[in-house]
Each structure stands twice: as C-alpha cells, then as structure tokens.
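Protein chains in written order, with the working numbering: chain A, 1 to 453; chain B, 1 to 274; chain C, 1 to 391; chain D, 1 to 309.
No lab work stands behind these hints, which were simulated from the structure alone.
Any given hint might turn out to be false.
Among chain D residues calculated to face chain C with C-beta under 7 Å, some are [to be verified]:
(1) L12
(2) N13
(3) L15
For clarity, every value in this text was computed on a predicted model and none was experimentally measured.
A virtual CB, placed ideally from N, CA and C, is assigned to each residue, including glycine.
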Amino acid sequence: MIKKFVAVVLTALMVMCAGAAFADINWKAYEGTTINVMFNEHTYANAIIAKMADFEKLTGIKVVYSTTPETNYFDKLNTALSSRTGDPDIFMTGAYQTWEYAPAGYMEPLDAYIQDSSKTSESYKYDDFIPGIINALKWDLVPGHPVGKGKLWALPMGWEINTLTYNKKIFEAKGIKVPTTTKELYDAAVALKEHAGSGTYGLAVRGTRDWGTIHPAYMSLFATWGAKDFVTEGGKLVCKLDSKEAIEMTDYWVKLIKAGGAPQWSTYGWELCGADLGAGKAAMMWDADRGGYTQNVEGASAEAGNLAFSGIPLPEGVKVQRSNLWAWSMGMNAYSKNKDAAWLFLQYFTSPEFMLYSGTEGDCTDTPRQSVMSSKAYRDIVNKAEGYLKSFEEVSANATIFFTPQPYFFETTTMWAEVLQDLVVTNKYKSTEEAMKQLAEKLTDLVSDLEVE
Amino acid sequence: MNKGSKRLLTITQNGLLFIYAIFALFPLIWMVLLSIKSDTQMYTTTFNFTPTLSNYTEVLLKTDYFKYLLDSLIVAGGAVIISVIAGVPAAYALARYDFKKKEDIAFQILSFKFAPEILVVLPLFMIYQTLGLYDSYFGLIWVYQLISMPLLIWVVRGYFEDISVEIEHAAQVDGYSWYQIFFKMLLPLIKPGLVSAALLAFIFAWNTFTFPLLLAGSKIQPITVAITKFLGTDTAHYGQLAVAATVSALPAIIFALCIQKHLVRGLSFGAVKG
Amino acid sequence: MSRITLENIHKTFGKVKALDGVSIDVKDKEFFVLFGPAGAGKTTILNCIAGIAMPEEGVVKFDGEIINLVETAKRNVAMVFENYALYPQMTVYDNMASPLRSDLYRQNEDVIKERVYAAAKMMKMENLLERLPSQLSNGQKQRVAMGRALVRTPNVFLMDEPLAHLDAKLRNAMRTELKEMQANFGTTSIYVTHDFMEAMSLGDRIAIVNQGKIVQIGTPDDIYYLACNEFVAQLMGDPEINILSGLLRKNGDNYSFLSNGSEFVLPADAALMNKLAAYDGKSVDIGIRPQHVMYSFSKDAGYRDYQVYSYESIGNKSVIEAYPAGHSGRGDTHTHVRMIAPNGLTIKIDQLIYIDFKLDHTMFFDGSSKEFIGCYNEAGIRALSAGKEEA
Amino acid sequence: MSTTSNSITPDLNKLPFKTRIRPYLIVAPALIITIGIMIPFIMAIFLSLTNYSFRRPTFSFIAFQNWSRILSSREFWHALWVTIQYAFFSTLVEMVLGVCIAMLLNSLNNWFSKFLRVALIFPLMIAPITATIVWQLMLNSSVGIVEKFLNIFGVFNFPWAAAPSTAMLTVVMIDMWVNTSFVMLLVLAGLQSLPKSPFESAKIDGGSAWFNFVNLTLPMLKPSLYIALLFRLMSALQEYAIIFGLTKGGPGDTLMNLSLTSYQTGFKFQRIGQSLPYILVLWIIVFFTAKFIVKKQRAAQRQAAGLES
C-alpha cells in the first residue's frame, strides 16, 4: 500500500517536473492521435524507443514504429513515401536522402514549426545544435547549390565524422607511429600487411558496390585533397571527377587498398571493417568514428581497450583536415495527416533533455547539441577512448557534407563505387585517369536533365 | 560382382556421401557454434572457445523475437492453410474435369510461382495502400499465395491425376455424394502429397524476404525481415544473428522430422501408384 | 429389380461419337450381355445407366420412369468396374462395407457384418477381409469388387468385364459361379464382355455393340446361328467363322455357289431357296464355321486342294488355316479357310490338304451389304431359340 | 424418336446447372486469389511505358522510350548474360549433384544414409538471406573458417566473392548449398516411386548398371527431373537475395543480373518506369522457359507411365 502510494506520488512529481520544463506549450493538444514512425535499426533509434513510453505518457499520443535493418531501410522508406499516404509521419533519414525526398515533395520543411512559439517550447533551444550539422540538413532545392541555405528538412539525432582508428598494441609491437600524412598512411598500411599472419592487414575501409563506400573515408580524403564532385557550369551540373585532384586522390586510394587493404575489400561494409578492427585482423580503420568507438567498449570485441583515435592523414601541401559528415536525422512526411502531433514527437526527441540522455546513457556518443557535448557527464564517458574527443573536436571544425547536393546522389555514388571496385579488382580500365574520365562523362550525362537555376 | 569389389563400392559410396554431408552440414554446425560464442571470441577463435548462452538470453528474452516468430508462423501458416483450402479443390478440378482452357489455367497458376517478386511488389504496394492491406496479416497471407498455392496445386494435381476415376465412380455408385467422396475417399489418398507440398510451401513462405520487407512494416515483422536486426547497430553481433537463424529454422525442421516418412514419398508429384 | 430401358442414346466425347442412337430394353431379372469389340461403346452404355455419363440425347428409364436427372448415388445400381476400382486406403472388409455405410444405403454395423461375411463366403475370400487391396492378386481384387456389388440389393447389377483380367482357369471357375449367382439372386444384370464364350454362356440375351450402335439383340442361339450380318457372325465364335465370297447361280431346282474357281452345289431347303431366288447371278458370301470344315490328307472325292498356311494349338484342340492350292493368294486372308483339328498332327507348312464343307450348315450373306440372307433350318432354329427365351 | 425425347424434355440431357458449373466453382477460389495478383502484372506493363518515378507525383505516357533505351544499353545485355550464366551454372551443378546424392542415398540403406535423408534437407530450411551471411562469414579471409582450412593446403587469401574471377563461383556455391537438397529431395522421391518390375526383368536380361540407368532409371525419372529443373531454373533466373547479400552485384558489375539491375534502378535509383523493362524481359524468359519445361514434363510423365505398364 505504502509502496503504491510512493509510486503514485513519484510519478506525479516526475510528470510535474517534465511539465515544468515544457510548460509553455500544450503537450496534450493531440491526445489520442496515433503517429507512425519508421526507424533504421540503430543505437539512435534504440535510445528513442527506450523513452517512448515517457513521450506517450506526456502527450497521450500513441506511437507505432518499425525498425528496419540498414541494408533495406531506404528501399522500404522509398516505397512507403512514394505511396503519398502520409504513413509514416516521421522517418529517419540522412542528409543525402533529403536531396531526393525534398524535391519530390515528400518532406515537410521544419522552419515554421521551430519558429512558432505556440508549437515549440522555449526550452527547445534550437541554437544549441552544432551549426555545421544543422547546415548539412538545409538546402534550397537547387541542384548544385551547397547545403546550408534554404529550408531545414530534418533534425539531427547524431552525427559521424570519418577519422582514423588504430590499434595501439599492434602499432607499438611493430614500432610504427600514427600516420598523419597520406604517405605515412600508405607506408604503415604496407608495413602492417600480414602483421599477424595470413588474412591480417593494415587498413580497413569500405568497398561494397554502393554509396556507403564513397561517403565516409573516401569522400573525406577526396575533399581534403581538394577535389570536387560536381560544379555548376553554364546552367548545368558538370561532373569534376576527371579533375587532376580527383584522379590523383583516387589513384592513391586504389594503390592504398591494393597494398594494404582487406583481401576481400570489395565486399566490405561498415560491419566487416569494424569486425576486423575489433578482432585485431586490421591494424587501422578509416571509417565513421563511431564504428571504432563501439569496438573499443569493454566486452564488445577482442581488441577493446587497445583502440585509439587519430585525425585525417594529410596529403602533401594540405593543411586542413576535411571530414565528410553523416548525420542520422528525422524528417516529417509532407503528406502526414498529423503534422502537429508529429512535430511534438520530433521536438521531444531532439530536445536538450533527451539528447543529454541519449548522448550519455543512450550510447549515442556523437551528440549534435553543444550543451551536451560540453556537459561533464558526456565528457566523462567519451574521454575513456584515447584521442577520441580530441580528434572529434579537431576534425569536426571542418566537417560538413562535401557532396554537391543533387537528387541523383545514389545513382552517381553507386556508379562511382562500381568504378572504384573495377580499379581495385578488375582490369577493366588501363589507368585511373581513363576510368575517372569515363565516369565523369557518364555522370555529367546522367545529371544533365536536372534543372539548375 | 565379387564380394571385395562390392565392399569397395559401398565404401566409396559412403565416402562420397560423407564429403557432401560435410559441405552441406558444416555451415549449420558452424552457425550453431557461432550462436554460443561471445562477441569477443567471435573472430579470434574457431573451435576452442568458452561457450556462452548470453546470445540466446539476449535474443530470446530481451527482444521481440517470439513476436517475430509468431508473425512468421501466422503468415506462413495462414498462407499454407488458405492454399490448402482453395488449392486442393482446384487441383482436383484441374486433374479431373475437362473444361475449356484447362491446361492454360493450370499453367497460369503455376507461372505465378515463377513471377519475379520485384515485378509485382511495387504495384502491389500501391494497391495494398489503397485497399488498406498494407502491413496486415491478411495482405501478407494473400501475397504469399504466389509462393504456396502453385506448388500445392501442382503436387496435389499430380496425385489426383493418379487416382483412377473409376474409384470415384465406384463411390458414387455406392451412394456417396460429391463432397463425401472428396473428403472420405480422395483426401486420404492424396495425403502424402498434400503434407509434403504443404511443408515445402511452408518453408518457402517462411523464408521469403522481399514481400514482407516491402508489404509489411511496423505491426507485422516476419523473422526473415527481423533477422538482420540481430546483426546489431553498432558492432555486428553475429552470435545473436546465429541464434535468431538457428531458432527460426527449428519449426520447419521439427515439422520435417514429424512427417519424415511422408516427405520423400509425397514429393513424387503423383508418380506413386496407389 | 428393375426393367432398364435406353431410348436413342447419343453420347460423344469431344469429337468421338461413343454412342449413336442406342436403344435397349432389359427385362426385369434378365441377365443381359453387351458384347462387342474393344472401343465399341459398351462401357459407355453402362455408365449412362449408372449415371456416370450423361447422354447428349436420349432417355434412360428404370421401370418406365425417366431417371436422366437422377444422380448416380440415388439410382441404386451396383457396379463392378473393369479395373476393380477398390479404395486403396481401405481394407477388403471396409471396401465391401462401403455401400452400406453411405448416407443413402446405410445399415447398422451388425447388418453390414452379416452381409459382408455372406458376400465374402460366396466369393470364397473370408480370409482376405483384413487385407489392403495392394496386398491382393488381381483375381482376389476382382472378387472383392464383385463382393462390394453383392452386399446390396440394387435395381441393377452392372458388370464391366469383371473377368477380363483373370487367368483362364479362374475365369472359367468364376464364370460358372456367376451363372449360379445370377440364378439365385434374380436381379437384373447387365454384363459387358468382349469374350464370346462369356457372352454365350451367361447371357439370357446378348446385344452386339459396334461403333456406338446396337447391331443385333437376341438370345445366344439367335446371335450365333442367325447372325444378322457378317460382322456379328465373325464376332461370335472362336476360331472365327470362314467367309467365302462368290457368285450364286441357279442350278436346276437348286443353286450353286461359285468361288475361287470351284463350284459348290448347295443342298436343298425350300425356305432358304426361296430367299436365295432374289440373289440369282449375284455376289453372295457364305459363312461356314471351322467345325463344319472337313479335311483330309489324301485326295477324296469332292474335296478341294488347299495348302497349309498355319497349324496352331488352342488348348485341347488345334486350328489349321489353309489357302487354295497353287493360288497366288497365300496370305490373302479372304480366301483362307480355318478348321478344327486334333492336337499333335505332323503337319508341314505349305503341304497339301484336301478340304470340303458341310454345306447344310452354311449361312448366307448379301455380297455387297454383308447382311444376313438366310441359313439352313432357319425356322427350326428360331423356334428353338424362342422356346428357350420363354423358359 | 430422337425428336420426341428431345421435344418433350429438352433438358433431360443437360446436367443440372449446379453440377455443370461445379468445376468452375471449385477452381474459382484459387483463381480469384491468384488472379487478384494478375493486376500488378498489368500495372507493371503499363508503368513500363511511362516515366513513373518516386520523384514525381505525376507521370506521363512515353510509349516505348524506356524499352528502346534499355534494350540498346550495354547494361541490359550484360545483365541478361549474367542472368543466363548464373542460371545455367547453378542449375546444372544442383541438378547433377542432386541426382548423384539421391542415387547414393537410394542405393545405400545404412543408418548413415537414413540419417542423411533427413539431415541433408536442413539447408533448405535456412532463409537464403541468412545462409548468405553465414557463408560470408565462413569465407571471410581474415576471420573465416574456410580460409583457415585452405591455409592447410597452402592456399592463402582466396578472394571468393571479392574478385571478379571467383565471384560467380562463390554465389553459385552458396546457391548450391541452399538448393541442392531441393533437387535431391525430388529425385529421391522419384527414385523411390519407380516400379520394381522393369528392373527385375532387366536383371534377368543381365543389363549393366549403366545400361539400366540410361534406359530405365533415367526415362522413368524424367518427370521428377523436369520438375526439379523447372523449379530450380526458374528461381535461379531470378536470383536476388544471395547475390545482393554477398556482393550487391559487384565487384564492378560482375554479378549484376536482371533482377539486381531492375531492383537497383527501381528502388535505389527511383526510376520505376525504367526498372520494369528489365524485369519484364526476365518474366518473358521465365514464362516461356517454364512453359517449355512443363510441356516436356507432361510428355515425360506419359512416356514414363507407358514404360511402367
């Protein structure tokens, strides 16, 4: 009896506290509404799901959600959006996807909601988001125009930059120092080939035949090298993969993989890269920082605790590390029939309070909010990984999306990845130059029907 | 043939079978081994490791695994039941009656089995959205008919064709009505074929991926769609995937063991003389 | 127990005309045989009676009542199928009990047991009751099929070649049994066969069926002695009747038959001669059964020269087939003559054989239409056959 | 006479309506269920003549533009070639192996073969998508067990799916692992239903084992073989899960068959109209191949029935 009483009082208190934080808007305005949410299977989504009951209790909104593994998530989302039925109301997306969804009219711009004080609590603190990440989710819908201008299409859940993770133990044993230039990286990869027998190798990077191969490490070095994918010339998008920098960089990349990459590189996605690093098969990995971070958590892998983090190795004559950025975000369906209820959901799960939870207890270490990043609780957790915070802060200064926004992103990057595979494992092309020239021509042709103002 | 060479032949035969058995069964054994390995030992050990049941507790107790399994059971099982109810009479009609376009209809039904899933799934998605069948048990059971119905009709039709028409006539003469003949005389005769075809249809429906991926979503998630979830979100938890795969194969394996006696006989597509 | 009437039944299967205007009238308690070559339409007639086949035209009556639209199950017929049609999943007992367990003819299990045992006893297979059909020989299956029909008291027994698949010995025994049973039961029976011995020995009346038509209906004697055409005459009897083509010529008061360059002076028979008058100088076929052909290995007066074509045993006797000597028609079966001979003769192929006919057993057929003209002692035969039928 | 019976009761010779429509009535449920699925086919054909895309809310009719564009592309012919290669190799291997294993199982009657009759079906119970992941792990050069096994024989870093020269071999091998049991099952069923008598008489005639196999076993097994061929060939032509799971069609475009190309164009690149001709061509190939095999199968069945009696 007493137990029950205490529970009731505690609950009431909690609700009141929560209410106090969000008191300025009516959270119960859409009580009884049901909204549908589509998640990609991810830690970020798990953090939300863990707090779903709180949200439902606060708002009286019922949330029906699905989580789909990443290999098929976007196929499913594409199909669902194209039905234009308003289901799902909220979905997880990346920035690249908004370039496709927003021009097609599937996405609801969020600026109006954020600015409306009757819809958005004062405690939401929109300005608290790291500007670089928010900018990655803005676009004016003109192909060729960079991100950062135009409407806001989604709100970030977390983000990733692409840096080097290495195995301290192996590096120490072989007496190799952490590479800071591309030359050092190449030498280290060669030196670490078969560092512990057949099947072990120097550097793990992605190699599958899709966009996932291009956007992390490859695109980061591509941008650091000073290359660009597209430029607007004479009212048209023109592919610049045949530029000197692009060819040089790609040629370096191909040689790097051939000399020190995984023997089965062309089948490697993030999970195999991470697995090899964690198992001590790969001495280094250049991928999303999170990938290395999670392998390093105690009990997660054989090499947990031995992993350390470093920045992006620089090519000769380059001073600035540029990491391409990936931000898992949530967007709203333009055809949603419960937009205001859906906004409450978005607001709640990107609020500083929730972000603090997800950034600490929720394991989502790449927080998009400055307030979280500077909080002690967060820094205590992340500091456990050597060099993580340092390289994170260093690289994130110049992290953004280095792709030129255009709606054929997936098509162009898949073809790009295909050529990369051909260069590494087949003899289809005589030289990198020939391959890149053909590719540039093909991609220019592909995007020629896009209207560029 | 003398005794010695006969013995040699038997040894060779057993040897060849043994080699193939390793090829066929090792991946399964490997899968079970993975399921009792911890993440940290996953890649660094082969056979010499500390077995753990943590993957099992993780998958079976801490996720909605049984809900996925139940979903699979409902859609695959429901699909087979509908196929049996609608398919067995159809198979009978296609075997017995002479009507216009019979062979065409029969082939048409079979050809659905071979329809590329990708071809139908997109238009179906649009139709399902309009009819409200998207993400419903009924919707999935319906589309699974593409998988289970043709197989069932074709196996069972072979059986009906094999039953002498005079047996039916005899039963008519004996005073039985059409449906009594069907249930009392014919069904027992096609049972082996029916059971095996149903099992095979069940396995195919159980293992299908594209349809449930695109035509179901939040409410219903058959195990094939859910299974890659166990790969994990940060690191790949192959151990958990192995658990999910191993347990998901169990219903079909148990089913197969139960009807083992019928199974082979039943798939002779009616070539068995009664 | 019923009178079964078929009127002008037509039945086609696709483009094949199976029955083309069949009419028969089977009397109550009659044992009626449908006899004809394979594919003649005999089974289809049974199926029309049982209701298994639906005629496109024509009427089926049981005791004068039209039953075209009555379902098979409700016609109360018992049928024995040519390939037994036993239910493979049931024991012999259950097979036989099956008609008595249907909704329409249901009996309680005690009655069923009694009837099944009675039928099993009659068919001498009490020891087989627990077996499955797959464990039975063909003869045993046949008996089960018969037994299943016998447990009931139907309007009519329909039997489709019930003895066809049995070996000769069993067939003879069963034939005798059938005849006995038929006498005991007194149920109308329609029996299909292509075996002339069965037809002759079992049938009260025989209907000859050919190409979907009834060619002739009559008592066994009628059919045998007064075959309405050459086809029927050839069908009835084994070895087959000899047909010789020739010319009829007036020879004084009587007639001569000219064939193959030899002249046969026909014995007198007033009634016959009257009928033959119309055929003077015209082509006529004569039919002589093999048992009415006499042969000799030495040249006897009036005997004609033939050469042996073949000599084959058919059990307790043999058949000699011969062709006209020196005739270029060796192998031209139209001129061949078959005759009955004892077994064990030493006969060489092509050796000379001398032949004469018992001409007073001849049947005459129209040379072009092949229809029956007449035979010796026709009135006597008719009287005999009519008398038999009365009885 | 015929006129009388006909004029008095003209309906006597027609089965009651109830009985006449019975065959249609009993096929109807199955047909309705499956015909419903015809609608997507028709829609697909129509959409292939439009510029339908997820990117636009509307679409317009563009006649055969998609078709002419695709049929004249290198991509299409490459995909067709990959499709045929894959179907040919995987079906061939599975048929030959399936028949051999079934024959072995059938000729032996010890505990081992009895055990295998059941156990060898297990791979069929694993979803292809899972089988692919398990194999990928086994074949991985850094952590896989197969690599360790090959190391014993002095083979290091065998590339498996990662190199164009071995990628086809690898996917065919996985397909073989999953599906050989299906062929084996059907052939074993066929073998066990063979009648004994022709073999007994052949024994008396003293024919060799090979002679018996070619002249008796094979012709009587033909119906089962055709069924196995039918099911295997048809799904091999459409293979998607194994290839996608293992290499996503790579390396380069080595394994991009019609299914993958269509899926990629339609679902990943959002060009529905353009994705459909690939799969419609595949559908036509599948349809007519199936029709041909079914015809052969029915003929073989009749022939085998003749041999038997």
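Structure-based check of all given hints:
A cut of 7 Å between beta carbons decides the hint on L12/D: the least distance to chain C is about 4 Å, and the hint holds. Interface hint status for N13/D: upheld, as the beta-carbon distance to the closest one in chain C is roughly 5 Å, under 7 Å. Nearest Cβ of chain C to the Cβ of L15/D: about 5 Å, under the 7 Å cut. The hint holds.
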